[in-house]
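*Asks:* Okay, so the sequence shown: first residue is 7 according to this note's numbering, each after it adds one.
Just so you know, these hints were derived from the structure itself, not from any lab.
Relax, there's no trap hidden among the hints.
The list that follows gives simulated cross-link-like pairs (lysine-lysine, PhoX-like), each with its CA atoms no further than 25 Å apart:
| # | residue 1 | residue 2 |
| --- | --- | --- |
| 1 | Lys48 | Lys75 |
| 2 | Lys48 | Lys99 |
| 3 | Lys81 | Lys99 |
| 4 | Lys81 | Lys48 |
| 5 | Lys75 | Lys99 |
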Amino acid sequence: RRALDEAYLAYSDASLHFDRYLHVGGLYTYYDATITNENFFKDVSPDSLVHSNPATDPALVRDLVVLIKGPDMGKTGIVIGMYSDGSNNCVVKL
7 RRALDEAYLA
17 YSDASLHFDR
27 YLHVGGLYTY
37 YDATITNENF
47 FKDVSPDSLV
57 HSNPATDPAL
67 VRDLVVLIKG
77 PDMGKTGIVI
87 GMYSDGSNNC
97 VVKL
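Model the full structure from these sequences, guided by the hints.
*Replies:* Take a look at the structure:
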């Protein structure tokens with residue numbers, strides 16, 4: 007299981023580096039950094055959103071997740087890597 011987690015993390019890191027390369031090189035023809043979904047949720051109370059508690063039911067690799075904060079709020083993604091450094095950070099592919 008540990009080797010599989012390390013493989014997922016290596017894939018996640020490679021994906022992040024490739025994404026940064028595309029951003030810096032201006033190679034995304036459709037990307038617009040000014041677009042944010044937070045405006046669609048500004049009148050929605052965070053208490054009205056139903057989601058599982060990450061402390062009792064944490065997401066695992068290959069789980070579908072809905073982002074509840076940030077400019078991609080409301081988008082669905084898939085967890086492609088979990089960092090095992092105790093930070094509880096993960097990589098989500100949109």
